[in-house]
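Colleague: Go ahead and model the full structure; you've got the sequences and the hints to work with.
Protein chains: 2
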Amino acid sequence: MKLINLLKETEFSKDMAHRQVLYDSRNLTLVAFNFEAGQELPVHCLSADSELALLVLEGDGEFQGENAVPVQAGNLMILPVCVPHGLKAHSRVRVLAFISPSVTEY
Amino acid sequence: MKLINLLKETEFSKDMAHRQVLYDSRNLTLVAFNFEAGQELPVHCLSADSELALLVLEGDGEFQGENAVPVQAGNLMILPVCVPHGLKAHSRVRVLAFISPSVTEY
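As they're listed, the protein sequences go chains F and S. Quick note, the first sequence lines up with residues 1 to 106 if you use the numbering used here. Quick note, the second sequence lines up with residues 1 to 106 if you use the numbering used here.
A portion of the hints provided could be inaccurate.
Which copy is meant is left open, so a pair is good if it fits within one copy or across any two.
[Said to hold, decoys possible] Below, computed lysine to aspartate or glutamate pairings styled on EDC-like, alpha-carbon distance capped at 20 Å:
(1) Lys8 - Glu58
(2) Lys88 - Asp24
(3) Lys14 - Asp49
(4) Lys8 - Glu66
(5) Lys2 - Glu62
(6) Lys14 - Glu36
Just so you know, these hints were derived from the structure itself, not from any lab. Just so it is clear, the structure is predicted and the values come from calculations on it, not from any experiment.
Modeller: Okay, structure coming up:
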C-alpha cells in the first residue's frame, strides 16, 4: 500500500499553479494541483479516451470550460479528459485529479 | 460534466457506515463512505485486477488490513482491491473511494 499525506507532501509555488504527479500506473494517474489565490490552470484538453475526476480539497474558485462554474471544497467534477477544462483559484486551492485509464502526457 | 457536492449529497447513517455510489462507468467507480464515530467497514477484499485509491476527506480513524495505520483528513491510500482493507472511524469520517477499472460488485 502506498500512503500519501496530501497536506505534507504537496507544494505550492509563488510563480504558477503547482502540478505534482502522486501516482501513475496503467489504470490510474493521480495528480495534485495546488494554487495560490489568483493562480490558474488555463483551459486545456487531452486527446485520450480517459475520464477525469477533479476533487476540490480546499478553497474556492471557478471551474472553466464550456461554462464557468463556481466550485469549492467538497466539489467533485467528472468529465472526459477530451472535454476542455481549467481552473482559476479565488483563494488558496488544492485539487486532486484522478485520470483513468492513465494518460501519460497529463 | 457531472458535478457532485460531497458535503450536501452524501449521507450518514446511525446504524452503520453509509455507502453511496456516486459514479460508475467502465473506467471508474466512485463510492463515498461516511462513518459516524465508532462505525467501521470490516476488512474485506475483492477478487478483481483493479486499483483502489482511498482519500480521507474529514476526520480520523484507523485503516485496517495487514497492518493497522492511523489515518486522518488529507491521507490518500492506494492499493490493489484484492489486498485486504477496512476502516474504523474514531471521529465522524468521510472517505472517497476511486476504483479503477470499475468493479461492479463493490
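Colleague: Each hint should be assessed against the structure and marked as holding or not.
Modeller: Results for each hint:
In this homomeric assembly, Lys8 and Glu58 come within 20 Å of each other (Cα to Cα) both inside a single copy, at 14 Å, and across copies, at 16 Å. In this homomeric assembly, Lys88 and Asp24 never come within 20 Å of each other (Cα to Cα): the closest approach is 25 Å inside a single copy and 28 Å across copies. Taking the shortest Cα distances, Lys14 and Asp49 never come within 20 Å of each other, neither inside one copy (33 Å) nor across copies (40 Å). In the homo-oligomer, the alpha carbons of Lys8 and Glu66 never lie at most 20 Å apart, since the shortest distance is 34 Å inside one protomer and 25 Å across protomers.
Within a single copy, Lys2 and Glu62 get their C-alpha atoms only as close as 31 Å, which misses the 20 Å cut-off; across copies the closest is 15 Å, which meets it. Taking the shortest Cα distances, Lys14 and Glu36 sit within 20 Å of each other inside one copy (7 Å), while across copies they are farther apart (39 Å).
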